[in-house]
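Novice: Spelled out, the chains give:
Protein chains: 2
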Amino acid sequence: MSDFTFTLNATDGAARSGLIETIHGAIRTPAFMPVGTAATVKAMTPEAVAETGAEIILANTYHLMLRPGAMRIERLGGVRRFMNWPGPLLTDSGGFQVMSLAKLRTITDAGVTFQSHLDGSRHELTPERAVEIQRQLDSTIAMVLDECLRFPATEAEAAASMARSMAWAARSKAAYGAPPGYGLFGIVQGGVHENLRADSASALCEMGFHGYAIGGLAVGEGQEMMLDTLEATVPHLPADRPRYLMGVGKPDDLVGAVARGVDMFDCVLPTRSGRTAQAFTACGTVNLRNARHAADPRPLDASCACPACTNYGRAYLHHLAKAGEILGATLLSWHNLHYYQSLMAAMRAAITAQNFQSFARRFADEQARGDIEPL
Amino acid sequence: MSDFTFTLNATDGAARSGLIETIHGAIRTPAFMPVGTAATVKAMTPEAVAETGAEIILANTYHLMLRPGAMRIERLGGVRRFMNWPGPLLTDSGGFQVMSLAKLRTITDAGVTFQSHLDGSRHELTPERAVEIQRQLDSTIAMVLDECLRFPATEAEAAASMARSMAWAARSKAAYGAPPGYGLFGIVQGGVHENLRADSASALCEMGFHGYAIGGLAVGEGQEMMLDTLEATVPHLPADRPRYLMGVGKPDDLVGAVARGVDMFDCVLPTRSGRTAQAFTACGTVNLRNARHAADPRPLDASCACPACTNYGRAYLHHLAKAGEILGATLLSWHNLHYYQSLMAAMRAAITAQNFQSFARRFADEQARGDIEPL
Chain A
1 MSDFTFTLNA TDGAARSGLI ETIHGAIRTP AFMPVGTAAT VKAMTPEAVA ETGAEIILAN
61 TYHLMLRPGA MRIERLGGVR RFMNWPGPLL TDSGGFQVMS LAKLRTITDA GVTFQSHLDG
121 SRHELTPERA VEIQRQLDST IAMVLDECLR FPATEAEAAA SMARSMAWAA RSKAAYGAPP
181 GYGLFGIVQG GVHENLRADS ASALCEMGFH GYAIGGLAVG EGQEMMLDTL EATVPHLPAD
241 RPRYLMGVGK PDDLVGAVAR GVDMFDCVLP TRSGRTAQAF TACGTVNLRN ARHAADPRPL
301 DASCACPACT NYGRAYLHHL AKAGEILGAT LLSWHNLHYY QSLMAAMRAA ITAQNFQSFA
361 RRFADEQARG DIEPL
Chain B
376 MSDFTFTLNA TDGAARSGLI ETIHGAIRTP AFMPVGTAAT VKAMTPEAVA ETGAEIILAN
436 TYHLMLRPGA MRIERLGGVR RFMNWPGPLL TDSGGFQVMS LAKLRTITDA GVTFQSHLDG
496 SRHELTPERA VEIQRQLDST IAMVLDECLR FPATEAEAAA SMARSMAWAA RSKAAYGAPP
556 GYGLFGIVQG GVHENLRADS ASALCEMGFH GYAIGGLAVG EGQEMMLDTL EATVPHLPAD
616 RPRYLMGVGK PDDLVGAVAR GVDMFDCVLP TRSGRTAQAF TACGTVNLRN ARHAADPRPL
676 DASCACPACT NYGRAYLHHL AKAGEILGAT LLSWHNLHYY QSLMAAMRAA ITAQNFQSFA
736 RRFADEQARG DIEPL
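Quick note, the sequences are listed as chains A and B, same order.
To convert, note that position 135 of the first sequence is 135 in the working numbering; the numbers rise steadily by one, no gaps.
Each position in the second sequence, counted from 1, maps to that position plus 375 in the working numbering.
Hint data in this document are derived by calculation from the structure and do not stem from the laboratory.
Small disclaimer: the values here were computed from a predicted structure and weren't measured.
Be aware that a few hints might be false.
Unchecked claim - Derived DSBU-like pairs: lysine-lysine, alpha-carbon spacing no greater than 35 Å straight-line: (1) B:Lys697 with B:Lys548; (2) A:Lys42 with A:Lys103; (3) A:Lys322 with B:Lys478; (4) A:Lys250 with A:Lys103; (5) B:Lys548 with A:Lys42; (6) B:Lys697 with A:Lys173; (7) A:Lys250 with B:Lys417; (8) A:Lys103 with B:Lys548; (9) B:Lys417 with B:Lys478; (10) A:Lys250 with B:Lys478; (11) B:Lys625 with A:Lys42; (12) A:Lys103 with B:Lys697; (13) A:Lys322 with B:Lys548; (14) B:Lys697 with A:Lys322.
What the hints assert, rightly or not - Output of the computed footprint for chain A on chain B, the stretches with three or more beta carbons under 8 Å from beta carbons of chain A: (15) 444-454; (16) 468-481; (17) 694-700.
To be verified - Partner residues are not named here, just some residues of chain A that face chain B (Cβ under 8 Å, in silico): (18) Ala38; (19) Ala39; (20) Ala70; (21) Glu74; (22) Arg75; (23) Leu76; (24) Met83; (25) Ala102; (26) Arg105; (27) Arg289; (28) Tyr312; (29) Tyr316; (30) Ala323; (31) Ile326; (32) Thr330.
Idealized CB from N, CA, C, for every residue including glycine.
Work the whole structure out from these sequences, hints included.
Specialist: Next up, the structure:
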């Protein structure tokens, strides 16, 4: 029970359904991880997050190391206890947000130094330190430090960056140790270059990780190029380890990636969209700020079992959005997370039933159908 | 069952405990009504509001008539259905907010015309229209339109304003009709002038209302003058009808007012304070933004059964406040409403047990004791 394991239960084409077991609980895959950046999934209680069906959440090392600080969280019993999330929790390494948020960053082979975007204080993140912080946070699944390249980049830039990331992965693994029931994931890099992706995957497999992430995608390359890169990368990853596509994505990204053998996802989209009145439904996205909903008593999605859809009409959700009320953010974040988790559950069921292809076709048809007619 | 009734169960000195029965459910008194300004108790789901022990909430006619509009809410089944609050709901008349929020308002004996603070649109509120809007909102308890005088005012100003309010009360009552199980409350005015308060109370009793509110207090006169005015007003109100002190207040205001025979309260303080990291506890107020809480794993109030106190430490609540996270507003609003409802329940129990005076003394002692020592 204290091992970190992955059991494959069913495959259907490249799509797979399985179970990750960790010291903090089990995760059915394909799995979507809601993002709790600063140790809270924005606008949601952890109980509500669990009610949507989430079995694992993600928190951001960059944000937590700056505020309230990794040592403070360690003394308070880890981020899961801090935020009252008893289940498994994954943290990124902090690298991605250092690149996107921090000021005056300097990257060398040693690691990265940067200034906090909050107060300008100076910090250093090395592969060893990134792993140490994630241990302090008591993350169930930690990620190796990697370099996140801007898109587009030349092949030479992508190759050099990937090589640095591979060296950092080896150092991350050496620093991590072997805490029982916890896991460390490597991250495949290499931009949109198939040969680099293959080399990166091979290098990581050689080192050996509990799981393999695919990083450096969803950075502006577009869905087609992302899915092509997945197709070129996944076959180089071992079948008996979970595969995690970082920072993705829209519902149709998830379906496309699961079809190509991905097991885990995280994205801010369901919660961020919830705070801007964008809802994901079986029939595509709905903007609840639109005046067409102002007098509409019908539920957002009549087939949805979430509180936003069972207890309220569109007119009320529209009203909350227009009035800037917090409850609007809560209800739509709840709905969106519920939709994402329902989509993952439907994909797991379709894989088990060996009809993933027809599921994916039906999904695309329903999305294309669009929202119900206005009243 | 379809009558609007008030049953007095126990008295202890001037303090009373009773039960209001309405078409939408019963309310134990003394009762505190959380404020749901725009048809949402800010940062809370209605289920969470009910879990704190609230049996009735308040919504603001001014805000709802402007957005989304009274007719729209009527077509959507009333504000209770709109916001999924199945229990009783009280609305104010809109007068107070016209005076405090609206632009370019003109008051005559006929009523008040004003411009919306949202879009500048012109509106009129007469006693008849204020009652009609509240019927459209399907408010369980409606309030007569009254004029809300600034403090301080001369006795002559207060007398003239009170006389206008009494004329408006009579017109409000005539317009309200007699919907079974619903109630209309009159509002005593007269500033801090005992003779005017007595005259106003007599005038309203002559008309006959389901309950009597005391308005025009908590406008800057201070607690002592407020309690003095209550003492001068309450004896002029009938014992067999609920008494409602509008817009009050801090926990010690509630205890002082219940001691003087008040049965109902509403105030934004618990929710507004929750959004600015101010918590009410048995040992006084606690500012969770204060650095002394940053590393403190202890609960906000070890004796409190709310989610903020049972699931989290002060360090986490401090972190949420510093990071501006929505969950911080939710948890502290929840705690504050839970504290207020627990205080009301404790007062009801003390009145029933005939020991309200010793309860009030213990309450004051605990409040004076202050927060627990820093770690």
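Novice: Are the hints correct? Go through all of them and say.
Specialist: A quick look at each hint next to the structure:
1. B:Lys697 with B:Lys548: violated, 49 Å
2. A:Lys42 with A:Lys103: holds, 24 Å
3. A:Lys322 with B:Lys478: Status holds; Cα separation ~21 Å.
4. A:Lys250 with A:Lys103: holds, 29 Å
5. B:Lys548 with A:Lys42: Violated - the C-alpha atoms of A:Lys42 and B:Lys548 are around 46 Å apart, more than 35 Å.
6. B:Lys697 with A:Lys173: Distance of about 34 Å is within 35 Å: holds.
7. A:Lys250 with B:Lys417: Cα-Cα ~30 Å, so holds.
8. A:Lys103 with B:Lys548: Distance of about 65 Å is beyond 35 Å: violated.
9. B:Lys417 with B:Lys478: holds, 24 Å
10. A:Lys250 with B:Lys478: Violated - the C-alpha atoms of B:Lys478 and A:Lys250 are around 45 Å apart, more than 35 Å.
11. B:Lys625 with A:Lys42: The hint holds at about 30 Å.
12. A:Lys103 with B:Lys697: Satisfied, since the Cα-Cα distance of roughly 21 Å is no more than 35 Å.
13. A:Lys322 with B:Lys548: Holds, at about 34 Å.
14. B:Lys697 with A:Lys322: holds, 26 Å
15. 444-454: Coverage by chain A holds for the stretch 444-454 of chain B (4 residues, Cβ < 8 Å).
16. 468-481: violated (count 0)
17. 694-700: Since 5 is at least three, the answer is holds.
18. Ala38: holds, 5 Å
19. Ala39: OK, holds: A:Ala39 within 8 Å of chain B, min 7 Å.
20. Ala70: violated, 13 Å
21. Glu74: violated, 11 Å
22. Arg75: Given a least distance of 7 Å, the restraint on A:Arg75 holds.
23. Leu76: holds, 6 Å
24. Met83: This hint holds: A:Met83 lies near chain B, its Cβ roughly 7 Å from the closest one there, short of 8 Å.
25. Ala102: violated, 17 Å
26. Arg105: violated, 22 Å
27. Arg289: violated, 13 Å
28. Tyr312: holds, 6 Å
29. Tyr316: Interface hint status for A:Tyr316: holds (5 Å vs cutoff 8 Å).
30. Ala323: holds, 5 Å
31. Ile326: Holds. Min distance 4 Å.
32. Thr330: holds, 7 Å
This entry does not satisfy hints 1, 5, 8, 10, 16, 20, 21, 25, 26 and 27, going by the numbered hints stated previously.
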